[in-house]
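Chemist: Given next are the chains, with one letter for each unit.
Number of protein chains: 2
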Amino acid sequence: MYVGEDVMDWTGVLARRMGRMKASEIRELLKLLDQPDILSFAGGIPDATLFPTAAYERAMGEALQNPAALQYSVSEGYGPLRAWVADHMISLGVPCGPENIIITSGSQQALDYLGKLLLTPRDTALVGWPTYLGALGAFNACEPRYAPLDPWRNVAPNEMQAEAEAAGGKVKMAYLSPDFANPTGETLDASGRARLLDQARALDIAVIEDGAYQALRYNGEAIPSLQAMDVAEVGGIEASRVIYCGSFSKVLAPGLRVGWVCAASPVIERLVLLKQAADLHSPTLNQIATDRVARELFDTHVAKLRQVYSARRDAMLDALDRHMPEGVTWTRPEGGMFVWVTLPERMDAAEVLAQSLSSERVAFVPGGAFHADGSGRNTLRLSFSCASEAQIAEGMERLGRLLRVQ
Amino acid sequence: MYVGEDVMDWTGVLARRMGRMKASEIRELLKLLDQPDILSFAGGIPDATLFPTAAYERAMGEALQNPAALQYSVSEGYGPLRAWVADHMISLGVPCGPENIIITSGSQQALDYLGKLLLTPRDTALVGWPTYLGALGAFNACEPRYAPLDPWRNVAPNEMQAEAEAAGGKVKMAYLSPDFANPTGETLDASGRARLLDQARALDIAVIEDGAYQALRYNGEAIPSLQAMDVAEVGGIEASRVIYCGSFSKVLAPGLRVGWVCAASPVIERLVLLKQAADLHSPTLNQIATDRVARELFDTHVAKLRQVYSARRDAMLDALDRHMPEGVTWTRPEGGMFVWVTLPERMDAAEVLAQSLSSERVAFVPGGAFHADGSGRNTLRLSFSCASEAQIAEGMERLGRLLRVQ
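Top to bottom, those sequences are chains A and V.
With UniProt numbering applied, the first sequence corresponds to residues 1 to 406, in that order.
With UniProt numbering applied, the second sequence corresponds to residues 1 to 406, in that order.
Pulled out of the complex, with its shape left as it was, chain A reads as follows (with noise of 0.2 Å):
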């Protein structure tokens, strides 16, 4: 590192919301997966060695025969993919056009301009408790206020709203996963979308649905999407105040950053200008190359995955049943990369990893992160998604060893 005689001191330009930007401990937590004797069920991040790697290759090779590959696009995605995306939806109980759909650099630029697109600073979000990390760090560019999301609750909209009033905005949107969330694993059933709507409906608000694990049910019947439910009773997607992000991060690949939001055209076009303004377009090869991948193996390719994840994931319910100790509770996903666990009210999961780390080896992600209120100090996150079957009754076994002597 270069150093010179002085630092300049940045405090006076910056602007007031970077008080609200802290590092992610789940990407700091990435930095430790470099050592090959930690055991790790912390990154959620699919398994690299099931990537259809040679049909990337071939899809690339094949684009790059055209130096348009290379060159600049147009903000609201390729064609041929909003195409290929806006048919996915329809499977999904969707129907909508290529209208209704932008192409993304995954999901989490979606959650970004959402937050640009919905919130000023002081509004209200509503986010459950706990909810993805990366959407509190994306909405938090926009500092606004969030209050907890909860179907089962009864609080009056308009109190709610008189809440929001009181903090200096209003109440915006809600966001959620609503199958096999990150980080709990756990679904919420069609009871509760019908609920979560009502309110939503009520509240006269927005609802951003994170389908980032939908495709990977592993057992139980498939719930369909909020998007779909609100569609098919307020009649099409045009009427219909539901957002909804997808990704192509787990289920083809993440590192090419590809993702899509499909809603009614009014919020596409809005978000074709913050895309315009913010990176012009996603790569344009990038785009191609999944247009291509999608359409040769994306459900024979879902099949395979749901069949190695689902392995993984009763492994480690497995596990689990059979070391932790009395005290310790965990969700039993359906699909998706996680189970979310509870240990008694008196741990610490933050000292617990720091003693895993050190003892046994063994990482995972403390709850209390994903919490906007701070609480959840006593959760935890594993992820199943990256470790062999072995590596999980090994993991587990460390685990529920250190977790008795707590």
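I should point out that these hints are in silico values taken from the structure, not numbers from a laboratory.
For glycine and all other residues, C-beta sits at the position ideal for the given N, C-alpha and C.
Among these hints, one or two may not hold up.
[To be verified] Beyond 10 Å from chain V on every Cβ pair, some chain A residues (computed):
(1) TRP10
(2) ASP279
(3) VAL328
[Claimed, not checked] Derived lysine to aspartate or glutamate pairs resembling DMTMM-like cross-links, with alpha carbons at most 20 Å apart:
(4) LYS170/V <-> ASP9/A
(5) LYS170/A <-> GLU143/V
(6) LYS22/V <-> ASP9/A
(7) LYS22/A <-> GLU269/V
Given the coordinates of chain A, work out where chain V should sit on it, guided by the hints.
Modeler: Frame of chain A, contents of chain V only:
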């Protein structure tokens, strides 16, 4: 399009900032370029036939031998590419290391993040009249006030800050592209750069230097970048207030969306937090491939581009000399992709464009959109990067014919 019985009214949930997000005239114009008989000098895009496509195909094929090329990666960017960029910045007179570099999805994304980093609503950003339209688009999401950036203007710093405070914020940044700027093609000379840095020091603000075209100089002596001048003056990158945005878009290929920011490490650390929250990271494969291609051919490729583009620049200046009527003036750029034309005061370039598209089939960008204050209606931008010398001669002849009868 699926049409439901009713449509959702979104006005109640939109963020205040959306009132400032408008469609870019340039991006809308790009859609016209599909019409094959239009001679277009509109889009500021590189010539796709010059892309090092074979090198990218090779680099991607090699990178994909490791499935990690399709996996999530760190927000700050691919280590070897950060190191290459740091060496590149050193060659431009800015001693720095990888800790001073973040990889972004093009320099447009850098502008989005820098707005977020610095601008609270009602803060003041100093920008040129005219300036890069995409910078205004990116900053608009943060709802700033704009004031004119002019190194030759004598306004006392405390007066400028007093005006900014009266508007509800502070002066936070100056943004400019000092070399062959988009849209004017003009270069700020060394004494102008020194004055601008003096003003920025007196105001204690950040300077955002957009270096997108810096490598594309066709004649004249290279002038040190603002960052190189400031670093030399203040003793090192950590003491410098200049934040440099670089891009591979104009010198390799734009479609992969790879750019960078070089700045003091506390700025880079905060940009990493913003990127983590906004899109996690730029696509892994795109960064690996760009690193390989840059190492293989950056210098020889830039030399080739200079040769082709400088001949087109010469052809355009020649043709303008021959065909433009009295009262029309234009810049004589030493590099980049643009010539900036000023029509007689009575003319409106947007009206001329409408006529030009219908009668002469020649496209350009009216200059009004580049002015934050709505002035510049009698200006227009011509790009010479994508037309052959014969097309340039023909196009300028047609444009001259049209302007003669205005």
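Chemist: Determine for every hint whether it applies to the structure shown.
Modeler: Right, here's what the structure says about each hint:
1. TRP10: Nearest chain V Cβ is 6 Å from TRP10/A, so the label is violated.
2. ASP279: Since the minimum Cβ distance to chain V is about 4 Å, ASP279/A lies within 10 Å and the statement is violated.
3. VAL328: Per Cβ check, VAL328/A is outside 10 Å of chain V; nearest 29 Å; holds.
4. LYS170/V <-> ASP9/A: holds (16 Å)
5. LYS170/A <-> GLU143/V: holds (19 Å)
6. LYS22/V <-> ASP9/A: violated (35 Å)
7. LYS22/A <-> GLU269/V: Between LYS22/A and GLU269/V the Cα gap is close to 10 Å, so the pair holds against 20 Å.
Checked against the numbered hints listed earlier, the structure breaks hints 1, 2 and 6; every other hint is satisfied.
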